[in-house]
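Student: This is what each chain is made of:
There are 6 protein chains.
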Amino acid sequence: MARIDRPYVGIPSFLRAPICEDLSKLDAKIGVYGVPFDEGSPFYPGSRMGPRAIREHSLRFCGGLYDPATRRQFLVEERERGLIADVGDVDIAPTNVERTFDNITATVRGILDRGAMPVGLGGDHSIAYPIFRAFDRKVHILHFDAHMDYAPEANGLRYTNGHAFRHMAAMDTALSLTQVGIRSLRSDGRDHAAIEAGGNRVVAMPEARMLGAEGIAGLVPDGAPVYVSIDIDALDISLVPGCVSGEPDGFLYGELRDALKAVAERCEVVGFDLVEVNPALDVGTGATAYLAATIVLGFLGEICAQPRWKAAIAA
Amino acid sequence: MARIDRPYVGIPSFLRAPICEDLSKLDAKIGVYGVPFDEGSPFYPGSRMGPRAIREHSLRFCGGLYDPATRRQFLVEERERGLIADVGDVDIAPTNVERTFDNITATVRGILDRGAMPVGLGGDHSIAYPIFRAFDRKVHILHFDAHMDYAPEANGLRYTNGHAFRHMAAMDTALSLTQVGIRSLRSDGRDHAAIEAGGNRVVAMPEARMLGAEGIAGLVPDGAPVYVSIDIDALDISLVPGCVSGEPDGFLYGELRDALKAVAERCEVVGFDLVEVNPALDVGTGATAYLAATIVLGFLGEICAQPRWKAAIAA
Amino acid sequence: MARIDRPYVGIPSFLRAPICEDLSKLDAKIGVYGVPFDEGSPFYPGSRMGPRAIREHSLRFCGGLYDPATRRQFLVEERERGLIADVGDVDIAPTNVERTFDNITATVRGILDRGAMPVGLGGDHSIAYPIFRAFDRKVHILHFDAHMDYAPEANGLRYTNGHAFRHMAAMDTALSLTQVGIRSLRSDGRDHAAIEAGGNRVVAMPEARMLGAEGIAGLVPDGAPVYVSIDIDALDISLVPGCVSGEPDGFLYGELRDALKAVAERCEVVGFDLVEVNPALDVGTGATAYLAATIVLGFLGEICAQPRWKAAIAA
Amino acid sequence: MARIDRPYVGIPSFLRAPICEDLSKLDAKIGVYGVPFDEGSPFYPGSRMGPRAIREHSLRFCGGLYDPATRRQFLVEERERGLIADVGDVDIAPTNVERTFDNITATVRGILDRGAMPVGLGGDHSIAYPIFRAFDRKVHILHFDAHMDYAPEANGLRYTNGHAFRHMAAMDTALSLTQVGIRSLRSDGRDHAAIEAGGNRVVAMPEARMLGAEGIAGLVPDGAPVYVSIDIDALDISLVPGCVSGEPDGFLYGELRDALKAVAERCEVVGFDLVEVNPALDVGTGATAYLAATIVLGFLGEICAQPRWKAAIAA
Amino acid sequence: MARIDRPYVGIPSFLRAPICEDLSKLDAKIGVYGVPFDEGSPFYPGSRMGPRAIREHSLRFCGGLYDPATRRQFLVEERERGLIADVGDVDIAPTNVERTFDNITATVRGILDRGAMPVGLGGDHSIAYPIFRAFDRKVHILHFDAHMDYAPEANGLRYTNGHAFRHMAAMDTALSLTQVGIRSLRSDGRDHAAIEAGGNRVVAMPEARMLGAEGIAGLVPDGAPVYVSIDIDALDISLVPGCVSGEPDGFLYGELRDALKAVAERCEVVGFDLVEVNPALDVGTGATAYLAATIVLGFLGEICAQPRWKAAIAA
Amino acid sequence: MARIDRPYVGIPSFLRAPICEDLSKLDAKIGVYGVPFDEGSPFYPGSRMGPRAIREHSLRFCGGLYDPATRRQFLVEERERGLIADVGDVDIAPTNVERTFDNITATVRGILDRGAMPVGLGGDHSIAYPIFRAFDRKVHILHFDAHMDYAPEANGLRYTNGHAFRHMAAMDTALSLTQVGIRSLRSDGRDHAAIEAGGNRVVAMPEARMLGAEGIAGLVPDGAPVYVSIDIDALDISLVPGCVSGEPDGFLYGELRDALKAVAERCEVVGFDLVEVNPALDVGTGATAYLAATIVLGFLGEICAQPRWKAAIAA
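Chains as they are written, first to last, in this note's numbering: chain A, 116 to 430; chain B, 116 to 430; chain C, 116 to 430; chain D, 116 to 430; chain E, 116 to 430; chain F, 116 to 430.
In short, the hints are calculated from the structure, not lab data.
A few of these clues could be false.
No copy is singled out in the list; a pair is fine if it fits within one copy or between any two copies.
[To be verified] Straight-line Cα separation of at most 25 angstroms, SDA-like style, residue types lysine to any residue; simulated pairs:
{"hint": "1", "residue 1": "Lys140", "residue 2": "Glu380"}
{"hint": "2", "residue 1": "Lys376", "residue 2": "Arg194"}
{"hint": "3", "residue 1": "Lys140", "residue 2": "Ala269"}
{"hint": "4", "residue 1": "Lys140", "residue 2": "Ala312"}
{"hint": "5", "residue 1": "Lys376", "residue 2": "Asp182"}
{"hint": "6", "residue 1": "Lys253", "residue 2": "Cys135"}
{"hint": "7", "residue 1": "Lys425", "residue 2": "Asp303"}
{"hint": "8", "residue 1": "Lys376", "residue 2": "Phe158"}
{"hint": "9", "residue 1": "Lys425", "residue 2": "Arg305"}
{"hint": "10", "residue 1": "Lys140", "residue 2": "Arg194"}
Because the structure is a prediction, the values reported are computed rather than measured.
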């Protein structure tokens, strides 16, 4: 008789996907990995527990993903054919950020080397830089966040969660950087100017709302490869009680979902991450981790619904 | 000198209504009952503590219900004449769901037999089925929820909070089933199809929003009797941090309030329930339980403001 | 080498402003003071811890206030010139409310006497009355709240957080009282009538939304002096999980921000307070305290951006 | 069929005793009353929620009290004959401590007038004074606490939870005051001296431990009437995570239980209270409230097991 | 380079043991399984999350188990040779307790069939019955608990966590039942009598303490096979803030540890379980789950240090 | 009129001591400093918030320190003469541990240079190493802890909270290292051996208990200078719910207090620290932070009660 496997039952891999911790044996098209790192956090720490919480909440979707509004079903083939693997967590070397970052890059590269798309679960946003380092092709960067995370190296700091996108934007592999949803009053105008001076783009929240989903996706050239990095605080603070950096006046869920859908449709998503869920500080129901799982799965669902993906996995 | 009775003072019956645990002596027009049952919950349990929390927060309204926007006062006569009674909680038989369900049906039938309208406080949504069994007249079912709760019997499961509405829709007393606010990605397309095959209706959230309050109420024939079952997760996840099954993109409070008002005006509400508040996991201020009390009292207020109610209690 | 001073580092004064607990030595234009008083709270207490929490979250803004949407920088001169001082907390005499209220009035008067604008951090809303008593010039009162806080003296109660605005409206120094955002169903129609009978104004939430920011600010005569009292529950309940009196259907953050901006632009703000943050019951990330800090700093930023302010500090 | 009545079921009166809020109709030998007052608390408030939490946990004992070690059953006759009544909560007048204290005294006097023994559930320890005022016969006071609560009137304070025992000791009805378990380093030597100067006694924790149960009970003359006031912080801090004033090196549960048993055996207990449980700050399992219920019920059980009690209720 | 694998890193199997969810392929001497079932809980639910929490805290021991006091190292060979496997969780059928119980029995039987010792992680204590049913050899039962869990079938209840040991004691395979640490005042004298009438033994806490470790172990015949069932509430309530049924005056950790060690030395332990950890209600540091992991690992360590075990695994 | 200054009032410096953040101006005999660093934590982070929490709870002692058992008063002269200063927090450079450690050393050296005794509030235990580096005289190290914190450099790790005492023991300034209370099963026998090979001493908990207070103090030569480092987890896990590394079978409070008193009496304490309080995970009442404040103040009180101290401050 079939197992019922309620979400509170069992050892939680992402979406109960097979666990493959030895990357040399990875045989999947999607490699989900956790980065339980929060040493780059500027205030309360704890997002290191994010990957476990998101995995736990992902189990709630094991019965299938179906949107009652559009009557569409998602990730069916991917799950039936075992195309999704959970490769476990990047090893963390506490107080040794460079080694940790090397580990992150190695894991992502390992997934890429096996021909799979890396899907990262944070962790704080400092991890976006070592993740992005693993890509050796030129891609655009689309960054959903309330904050620019573009601090200059100063006072001995270069690897916090406020620095990642300055490093990324400066890399040869970065065709462009587009930051969407920026709105925190805890910002620095000099960073804003520096981003634009570098030829990149900050789309503050009011403009993002005006652009709408299609407009946001249109910020990246049609069909171009794009890496997407999602800070859960792109969403409004009322939706992310368990994110330390939540800000008001943010994306509603539907707005972010639609923007990601448009990106999936118009661009070639080469990988993505979702960061900054802090389970110990979340509400008891784990709403923030649940929403994170929803977004990861929803975006993954849209990516895998595209002809380019279908073609790729048919190969 | 009058008691001040701050909400933190006193043994909490619903709205400080008289307690009448012996249904044979019930002499009221509204019978509020609790169903502290959560064995049907698919993930974190705890909604068994819901009735107590909603009762506690209901005390905050004892000074009176008045809407500053419309300058309307609610439930004045009902409270002055003692037409509301708290009949306590249904007895629960843990691990013996059939007996618990029988107890639920018996309590609701007991309230109906005394000519009162039953108002149920959950507990998880599995209780809607045994509640509905207590009605012996034909009524429409209006169901506000993020989920269809229409799972088929399978793998030995038939009484969880995902099964209730399949049982209800199949009963002779169910004139129709209309589900409003459905939107969870954790849905199953086969359930959706089964509901429609049964002649019933799923109104996914985008459609619900388009219909508006009047449109939603119009889904039930004018003046027809209707039983209303409200999962607190019909509201947006940002409003219900203490509901395990919260989903984004849900009803705003005003939308749900207006829809319930329209239902009260156009239909004959024969009873209702509100379920899935989980106090132990709620935020410290009890926001979810407070909102639940607000909705229950607001809906009750609108029901009791209708000419048909005024006529009934005049009798 | 400069200190990094992450927000979790250091003894938290407001915005790391200099601490000046001896008011006779105050030499600043803005005096921030805490009122850790919650004995007037009608349900769960705990807002006495509000000032500490708001101070802690204010530290997160020490890197500067900059709005990425408008490219405006705030409070630069005020911080560089040391125009903001944290004068510490009013001394509280538990169970002796009259003495506590005298202390509150004395502190605010002390700040005013030094020519500084008082900015109060609550505590519950009962403190607005003793704060307002400290002003000896005639000003308008603009009150953002979900509740009227206009209870009559009765049953031996006169100093709870439900009484403040009746006392204030009755004072000679009150040119008018305008209450904006009122919406709680836990209201009393007699209070509503009494406010209007007194020539004052209740702007219920739907009307407030219709008026918009400019319309709200226009409720006070152009250029007139105004004292602003902000209950954090003016914001929607989804935004203030750590406020015991949260109510649905409230101001979105942007709506409140814009209204305060319009007030700063059109009126002469003589002081303001923000109350009802309850840190012990807040979510773990302190979202409510953070939002409180955001509103206080944002409003302060707009006040200090006005020509009348620039002129005053140039003096 | 009998109800199962699990502790999470039903409206919680103490031990599911009949509720009798009209004291003029009280017909019982034990009157349990709550005093949800915490305005006298010197640090975090919240013990106002204590009575509800203790009532809720008392329900867990409804199946009967039986000590497996001694094979003794407790409170059987009292429950069968309905000798225990829950008289509800004293009405609280926030910010008007004198009126609240009058209400407390009136409630206790009302219970005494009906010939019942008052059993009080706090609330903070300031309530011991107005409780004790209700007695018009001369009795000894036995006080279990980590703190002396003997502050002098000063700085406008006289009614906080640090003042109660100075007022009580000064009353004509106080034959003596004996304080047991005193140990907090947050003590004042002048209070200590004042207690002894008044002919009363402080038994610091090391001495209490040396005396043992019989020695402690022996501090009151054999057979003499005694009022017992128990601060839950008499217990070690490890046992009372939900008590703000917990102190290390306190009574183990067995030590306190045995001392109370010895007191019940040797003295005529005329009433008692248990205070300072703070449910909102307690651990999630409510361990402190549960322990409070255990102590109240255990002490009550021993009192009712004495010949003098049996004789009294036979009358 | 070796992985560091901090405890917050990686998908948590017990002690990072290999996961073997297909029992037919189990090749280990110890099979750790979870039973995330709490429908038998009489008060707050939530122990269904126990297995995950204990697994998470078990990771903290991956660096090795070594007792600085005795200089002994534990489980070295077992871990090096891969003799410990995590077989995942028993499948739970909510509201269908009989099916769940069958699943439990099947899992344990599956482990036994593969020649491994079953080590169960609860869940509530109702699971001890279906676990024990899986054994087909005659063994003694040693039960550490604050409660007898020996309720009679009545009122439709037979499978709650208060019933397990009555069923177990009645089975042919039960050579004897010895209950140690019993002390709750929420006990029933009739259960006590029934246990003794059945030839079994209740060792209340004072007697247990008098017996000491060796005395407790001596309650089972030397060398005899014994199944050990440990309710975490055998420990004192101060040690188990996350156990709903905690009781004061319980085992200190050292007392329980030594008793289990003595049992391991004198008897043939055929399996054991540890139950009633409730993570959602535990303190934030997870102290109760950590202690549970400590006890499971410590007991396992002692079992595996015995000559009989060494002989068995040499085979 | 004097301020009452309840502990919830005011900006919290340690014991309301004057704040002196510019060390060059320090004019005190005791310099209390915070080290809000937790990047060295092996599991849940959060002890960075420790200094603030300990400061807050220290305010509860501002009324004076007096021990009712011994009738001794503490720290009177020190407070009256302003000999205690709060120098604020060491600046932290997240992800740059070497810089942070340099800052720690500089702060402690700054305090020492001004002739004051440094008293450190952690933070995690990794900070003991950079603290100790600041001393340039030879002293003994007395270390109270459940863990040896003596990990070898390996896998790129050298600065975690498990490494500090290996570095310290290796320094020329370390006359000896004595570790008391060691008991965690999460220990490594090789570290144990290495400590002893280095001529140092591990006093496991059973031995510590046997030695008693005087025996423990006697492990350091009479009158010798000693630096004391206290991990709050030296105390039993039941006392430190807010310490992630709590272990059972630890020091009772009285045992630790007496040992520290004996050390103060017999040795020349040159400084001390207390670490590993994690406020966000603590119980709501902050029991762990309170106990930490109690220990710091009690130890300080004993140190300042010694003739050598009295002589020093007379100078």
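Student: Any hints this thing doesn't respect? Which numbers, in order?
Tutor: As far as the earlier hints go, 1, 3, 4, 6 and 8 are violated by this structure, in ascending order.
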